Amino acid sequence: MSLQVSLPSVLSRLADGNRSISASGKTVGEAVADVSRRFPSLATRLVDDSGQPYPFVTYYLNDEDIRFGGGFDTSVRDGDELTIVSAVAGG
Amino acid sequence: MTASVLDVAGVVPRDRHASFSARPLVCENCGARFEPEPSAICLHCLGPLVPEYDAERSLPSPDEIAARAPSLWRYREWLPFDGAPTLSPDSGFTPLVEAPELARRLGVARLWVKNDAVSHPTLSFKDRVVSTAINAAHAFNLDVVGCASTGNLANAVAAHAARAGKSAWIFIPHDLEPAKVLATAIFAPKLVRVQGTYDDVNRLCAQDADSFGWGLVNVNLRAYYGEGSKTMAFEITEQLGWRAPTAVVAPMAGGALVTKLHRGFRDFSNAGLFSGPLPRLHGGQATGCAPIVRLVERGVGRIEPVIPSTIARSLAIGNPADGLTAARAITETNGWAAAVTDAELVAGIRLLAETTGIFAETAGGVTTAAAVQLAQSGRLRPDDEVVLCITGNGLKTLDPLTDSLPAPPVIAPKLSAVAALVES
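If you read the sequences in order, they're chains A and B.
Under the working numbering, the final residue of the first sequence carries the number 95; numbering is consecutive throughout.
Under the working numbering, the final residue of the second sequence carries the number 1767; numbering is consecutive throughout.
One chain only, chain B, in its complex shape (with noise of 0.2 angstroms):
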């Protein structure tokens, strides 16, 4: 989407919100600079957009941060605003949970789950970016906000613009898992289900924001969008006292999550608030949607689109926008990328919930088996202290495990029946 068409559909100019303002943005590709507009690409080359931050600003210290309140935006000198951002003020800041025994399991010697699962309000990491997102729809007026998703995505949307009064048009595969459906809809967004896959559907928004002026967070409004993302390698930075872990293992479906996980420990790096390497960024994959470790693993080239097939729905993106750039962040930082079976992710999420006590949505499954794998080829050594990126909550898609665990017995309400289970 270019500035012209925005401007002809309704963007009202900067200073209607003189005390609060996105951020300029400027190609990644070819470094052409914008003014700040909801437009994720770059009118010269087609690159994409991100925020220019002023690098003359002022940044706070260790003991500044902690003392503002635990939102992600107690790192707002590195988000895309200047001034104090007025909607969804209290996502972000989720726990980061040592997991002596899974770190036992895999062979390393320590271990954190980052628990987005626990993420405020819709339990997944999908709460941050929309949360800059509905920031930046904020600083162009525009009342309408919407997004392509695979479910959690649509989750946040839905309850960030309820909250925000603003409307919401979200699009999802027909055949997203039900809960996720439901989520949705509770807060009465404009939901459409589209015949076909995700890419399908992305496919479609992004001539959707070509053609009705909405702030589609993940289309027009990507680039400021993206920049959530960041927060959490900033709170695990600062939660493991202003160090880096020498891994973290997450998962990928656009790549924007590694991509930004590397921006964000480089930034804090840059800043001088940890010292020492870039943790290792390794990513994980299901098998029937691995694009991004087939790049991985063959080192050049682009990325080949696949059609997905796979019960991690939420990572079914066989058309990766931010592939090339994951990889890249991957390779620079001497990182890995794995992709697990169907069952491996189910048993993944076993593994997780049996030795943390953390329920992960299938995307959890799919990072602690790529964690397993990695373990066992030698990718994660016996030294390393290693995050695992948890983004979705289980309780959102209970299907793949309805016969995966034991059925519970049923017994009479006598303490003798207790008493045989006991001695069973």
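Just chain A, with the same shape it has in the complex (with noise of 0.2 angstroms):
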């Protein structure tokens, strides 16, 4: 499956500038291992060392928090869109 994956400026810096990026994969884990391999910088702002989510950052596919589904098990389908967004907002 494809699907885009948009970023935020702070973590764009670690992927040669660009905001959003192609990524292939079943499941959004599987998505973000692959932005992984290309962008190794990114790896330990997506992944912590458990392999959950980074702590600071909140995945959203399709506008739907994705801990309200499977996590990293969500399923993605062609022409899915997940955005990375900070943590660190609101209240």
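Treat the hints as calculated values from the structure; they're not laboratory data.
For the chain B half of the interface with chain A, some residues (derived, Cβ under 10 angstroms), not all of them:
#1 ASP1543
#2 VAL1562
#3 ASN1563
#4 ILE1650
#5 PRO1663
#6 LEU1667
Derived contacts from chain B toward chain A, CB cut-off under 8 angstroms, selection only:
#7 ALA1383
#8 ILE1384
#9 LEU1389
#10 GLY1390
#11 PRO1391
#12 ALA1549
#13 ASN1561
#14 ARG1565
#15 GLY1598
#16 ALA1599
#17 ASP1665
All values reported here derive from a predicted model rather than from experimental measurement.
Every residue gets a Cβ at the ideal spot worked out from N, C-alpha and C, and that includes glycine.
Assembling the complex is the task here: the two chains are given apart, and the hints tell you how they should meet.
Right, here's the structure in full:
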């Protein structure tokens, strides 16, 4: 499956300045792993040491927080949009 | 939002405001230090930034503070600026009202209400945080401010921006209480209703701040914004005669208030402005949106977000950004957290009103009902001196009360009709 991943500016610095990049995988986790392979500097800001989402970012698949689905195991479809947003906001 | 993005968005050099500037920032997670900038995120680890204060700065004595104007700026040495603030000079210093009947009902020694329901100018504690945020926007020469809001913050940003002559973009959930929508729209901001919950609005604003170079007070200005909440702890300490209560009960939405109350009491303790332990910090949420309460109960782990379902709209944040730090503040001070039903929070609004003469919004009902629950469970003790933080005015959230109060009788304009009522 191919999907589009949107990055906040603070992370785009680690992806050659790209705010939007393509990724592939059957799940959110596989897509994130694909991004991490291509942009190794991003990896530690996307996934923590235990393989879970990095605590200071939140993932939204088609505007839905993936924590309400299956987390990194959430299935993706062609054309989906994965948006990564800083968790330090609001309140 | 990164510094580089804001630079190209038109932030001017800081010497433009040589007599007034924002403090530098430091990452709470990794300790990295940054120049003052409208950014809330560490470039290295993405952790939250907070202002860094000069440990060697001169601090005022209680007498010097007491001689200053009655606003939150009387504590300016603990607020994140150098020089005199120029905007929103008169928010804060709300009444601390002793409530002996409510203390008796709860079975505690003494109890006070910190009454931010009468905060100037928008009747909620959000006037505190917007006072510091709007001055940060001024320091960075940002002409457009904004926020994601559950209502009270929308009121405050719109009002403070109007007074400062700044444009405001304000994003709220589409189904917010009408009073809070009107009380924002009256100040003529660009007010946008977003389909979804507050958490959807917040996510959108995080993206806005990254795209338009605005000063969104609880996004890229939140390092400066949050510091305003500390002043509630400062005022409580001063108004009690330079001592701390033994326990504080506060509502929790994003978790920032409890987090900053902890910092505020710690700041004054470190400065020697009161002695003894910090107060036990207790937090209240509605059962329909209690992710911080659940984290406190579990004791470990991360915030598990929820989809809010409660009439306490101002607390309806299912993914609280400061939830973890709020839970830590509660745990470190030996406090606790309580969740109350919507029926209990309505009863809490009524109990507070009937015993203190203070009309709180739904969040205040949560705080009061949480205090009742904490007292019943022994978390508030007979020797406790307790402060309830009432953060918003009841006139903003009338709908939940419509069916809970008896309809007043209608009579003919005759003395006999009054007499009949008196005798009944």
